[in-house]
Amino acid sequence: MRYLPLTDTDRGAMLSVIGASSVDDLFVDVPEAARLSGPIAGLPNHASELAVERHMTALARKNTVAGEVPFFLGCGAYRHHVPASVDHMIQRGEFLTAYTPYQPEIAQGTLQMLFEFQTQVARLLGTDVANASMYDGSTACWEAIGMARRITKRGKAILSSGLHPHYVSVAKTMAKYTGDALETSAPTLTAETDIDALIAAIDGDTSCVVVQYPDILGRIADLTPLADACHANKALLIAVVTEPVALGAIRSPGEMDADIVVGEGQSLGVGLQFGGPYVGLFGCKDKYVRQMPGRLCGETVDADGKRGFVLTLSTREQHIRREKATSNICTNSGLCALAFSIHMTLLGEKGLRDLAGLNHALAVHAAERLAQVPGVSLVNDAFFNEFTVTLPVEARPVVRTLAERGVLAGVSLGRLYPGEDALANGLVIAVTETTTAEDIETLATALQEVLA
Amino acid sequence: MTINQSGWKPSAPEAKDGGAPATFTGNKALMLEEALIFEIGSTDTTGVDIVPAPKAASRLGGLTRDAAIGLPGLSEPETVRHYTRLSRQNYAIDLGLFPLGSCTMKHNPRLNEKMARLPGFSDVHPLAPVDTVQGALEVIHQLAHWLVTLTGMTSVAMSPKAGAHGELCGILAIKAALEKRGEGHRKVILVPESAHGTNPATAAFAGFKVEDIPATADGRVDSEALKARLGPDVAGVMITNPNTCGLFERDLKDISDAVHAAGGYVYCDGANFNAIVGRVRPGDLGVDAMHINLHKTFSTPHGGGGPGSGPVVFSEALTPFAPLPFVEKTGEGFRLVEEETADEHHADSFGRMVAFHGQMGMFTRALTYILSHGADGLRQVAEDAVLNANYVLRSLENTLDAPFANSGPCMHEAIFSDEGLADGFSTIDIAKALIDEGFHPMTMYFPLVVHGAMLVEPTETESKAALDQFIGALRSVAERAKAGDASLKTAPHFAPRARLDETQAARKPVLVWKETLAKAAE
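Protein chains in written order, with UniProt numbering: chain D, 1 to 452; chain L, 1 to 522.
Because the hints were derived from the structure by calculation, they are not lab data.
Please note that a few of the clues may not be correct.
[What the hints assert, rightly or not] Taking CB as the label site, the calculated pair distances span:
(1) D:P225 - L:H345: 42 to 48 angstroms
(2) L:N398 - D:P44: 40 to 46 angstroms
(3) L:A22 - D:P225: 56 to 62 angstroms
[Claimed, not checked] From the structure, some residues in chain D lie toward chain L, with a derived Cβ separation under 7 angstroms:
(4) L4
(5) P44
(6) A47
(7) I220
(8) R251
(9) L272
(10) F274
(11) L313
(12) C336
(13) A361
(14) V364
(15) R400
Nothing here was measured: the structure is a model prediction, and the numbers come from that model.
Positions of the beta carbon are idealized from the N, C-alpha and C atoms, including for glycine.
Next comes chain D alone, as it looks inside the complex:
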């Protein structure tokens, strides 16, 4: 109980100030039937720091660490090298242990960082503005669909077949309760994206079209014709970016006239972390800012005329408007936003472009090498750092077999789309700057042996 500073002497002195004979007197309002007389049975008592370290370390050892094996998993979570100073800086107590900046005079550090983050994200996504982060990419995607409904007063969203299936699941869960109609389908294993089909599906009830860029199979396509078709029908184009590093190499969705661009920011600064916490990116055009969910930091001045920053436009938020709120979102992902922002600051434009170029070049090399494995075909014409291959057999058991051999080969489409037999032979492979030429060779050789 090393985290509790009160001594029994303190407790006694405090109880006498309160006028209570024992701490039990402070729980008199708990109905007797619900009062517990001692520690809850069946749970262990407190442990030393050393004992807890041993316990947690033993659990950690039961996992295969991505950095210790040839590793090719992506599909919405990417392994990039995070400079040491990122994690060091976010562990400064003044960032780590600060609260939401409700008292701006003593929270300028967090607020200025959020303002810088908003600007970095807006520039990267190509949008006019961005918010101070969401929980993650999938919930940001859902919030964007809700925002399109509020703006267009229409309730039908068309989701690209290239949208991450978990993002689709999250949208379906929420839509069941808000009444949105969602049009969805599974992808087909071709080099072509479904842009033409999406354009054909837009009608007068469409609130938005949601497209992922690059998509779940790693494909990329020009979004401009889709944006034009959306706008001709007074619908919004929502673009989802799950790999922000890609935007160092390819045009941003905002440049192609997307109205709302959301993303998963995990790639920069945050790390894999078995799925969370991550950081949702959310940008949009200026004219929609008052419908944007989540926290916003704005520039202002203090009483002495000095520049400063505050949380702003909170009249959209739940603590002011209760049931009329734009969203029920309360916390954001501040510390992960900080990690993202520091990593982006270290990279700068030059570093991001170099990093993106390196990712792409290694991925091209891997795609060419794997396509030489007998029975393996490359699906993509265009891709950034992630692409799809088809195997002559179902990919899921192949991935498991390769994992037993110490190679984490990629994400099988059988895992992501269990009901879709047509996708079962598909394997999505991600390559980043952390992938070495030896890793690629190890994967190609192991794959060839397993398929033989």
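Given the coordinates of chain D, work out where chain L should sit on it, guided by the hints.
The following block gives chain L in isolation, referenced to the frame of chain D:
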């Protein structure tokens, strides 16, 4: 390209009253000003060394980015200095007491951070084959066991990303259960006035109609009014316990029984679970769903606004409707129940709330904290949190108006009002003066049922000495506010910034940096 051709121009020294000389830089010794990265960085500076890319043909589908993005870079030393200087403009729990009622700012043990950073947890992909992530699944399973046992509930959904996300999870389970019963026509959720603002927002978001239930004079939900409103159109109630007035809802079991008899469900906002953990099991009070803010009760750091984590515990009645994914123990180890593997036990699940498995990094921190305290320590946590809050209440009730001082012991937070201050003085003046005393202010103007509310939550990790200093400071500031001390109106005087103009920020929002300073300098 350099983003800001002119560079950062410090403002000219300005004479200030009080005799202290103005400085050229705007810095004041260790109080340092810091420009934006857009004013000090450039697009051709970088703080990372990236190996040259091997020669390869580009396969970017003709979408190669040509236009500049406009992202400034800094070298590593400049980056470290920038963020270090920014960090010094922040108040934090590592610096001092943070008495934010309902927000629960307690000490963040560094062991939690160290454990979360073990590569076996931090460097593991969410879609890795389950045989390679057995340790991660075991962490989730162990934490789930603790949460279910401490709350006396049947199951727990781990994936919600934050408390408000957890509220949505609970409400969606209620909705799914009603629909399964063919009672989708129950559209009304009753929410007491003292509920967290997220509660009604959540219910409305999920398609329910929200009706307020008044509070009694002693700061609790009016259970008679609530019971009178129950009927065939009511889906359930959302109730916060301990509530936002800092009080235990004595009638919760009675209310739960009535709600159940009327065919509804009880959602409990568990944001304040830290006050009763180890002493009361919400399951014994008839609760059907409750979220637990891991960051509050189990001390994962708030990080300037997140990330949070909001697992939701369920009663037997709501368990079949809980979201996926789920971790289950089998003969061979742990398995992950996702859409693809959902069996009859999960066939009624309302679906997936988030892309992966929730806030794994928070789970490792929370489990570390829970194991450190154990069952005995957690009980002591609740007792000390409640003891500290009552000590603050009784030490200040003769100085500040305490509207519920006679309503029974407060739980983990004490509430005061602005009654009795001099004309023109209000809660905000006390809050800003507390900043000058070196404390983060308490929660202001919440809950809404108390005029000029000041909600003080010291938490269990404050020593008596720290509390005595805080009590002394608040007493002094309150006496000044009662006496009409005009200097309070311009507080804080010693913070990095004076009072900030929030109206201007909202009226003409400036949300991203545009080269305003650069233009002004030209």
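Each hint, compared with the structure:
The hint said 42 to 48 angstroms for the Cβ distance between P225 (chain D) and H345 (chain L), and at roughly 46 angstroms that hint holds. Between N398 (chain L) and P44 (chain D) the CB atoms are about 44 angstroms apart, so this pair conforms to the stated range of 40 to 46 angstroms. The hinted range of 56 to 62 angstroms is satisfied by A22 (chain L) and P225 (chain D), whose Cβ atoms lie roughly 58 angstroms apart. Hint on L4 (chain D) holds. Least Cβ distance to chain L is approximately 6 angstroms, under the 7 angstroms limit.
Among the interface hints, the one on P44 (chain D) holds; its C-beta lies about 5 angstroms from the nearest C-beta in chain L, closer than the 7 angstroms criterion. Hint status for A47 (chain D) relative to chain L: holds, with the closest Cβ pair at about 6 angstroms, below 7 angstroms. Taken as an interface hint, I220 (chain D) checks out: its beta carbon lies about 5 angstroms from the nearest beta carbon of chain L, inside 7 angstroms. Below 7 angstroms, beta-carbon pairs count as interface contacts, and R251 (chain D) has one with chain L at about 5 angstroms; its hint therefore holds.
The restraint placing L272 (chain D) at the interface with chain L holds, with a minimum CB-CB distance near 5 angstroms, inside the 7 angstroms limit. Given hint, F274 (chain D) at the interface with chain L, holds; its Cβ is 4 angstroms from that chain's nearest Cβ, closer than 7 angstroms. This hint holds: L313 (chain D) has a C-beta 6 angstroms from the nearest C-beta of chain L, less than the 7 angstroms allowed. This hint holds: C336 (chain D) has a C-beta 6 angstroms from the nearest C-beta of chain L, less than the 7 angstroms allowed.
About 4 angstroms separates the beta-carbon of A361 (chain D) from the nearest beta-carbon of chain L, less than 7 angstroms, and the hint is met. Checking V364 (chain D) against chain L by beta carbon gives a least distance of about 4 angstroms; that is within 7 angstroms, so the hint holds. Hint status for R400 (chain D) relative to chain L: holds, with the closest Cβ pair at about 5 angstroms, below 7 angstroms.
The structure agrees with every numbered hint stated previously.
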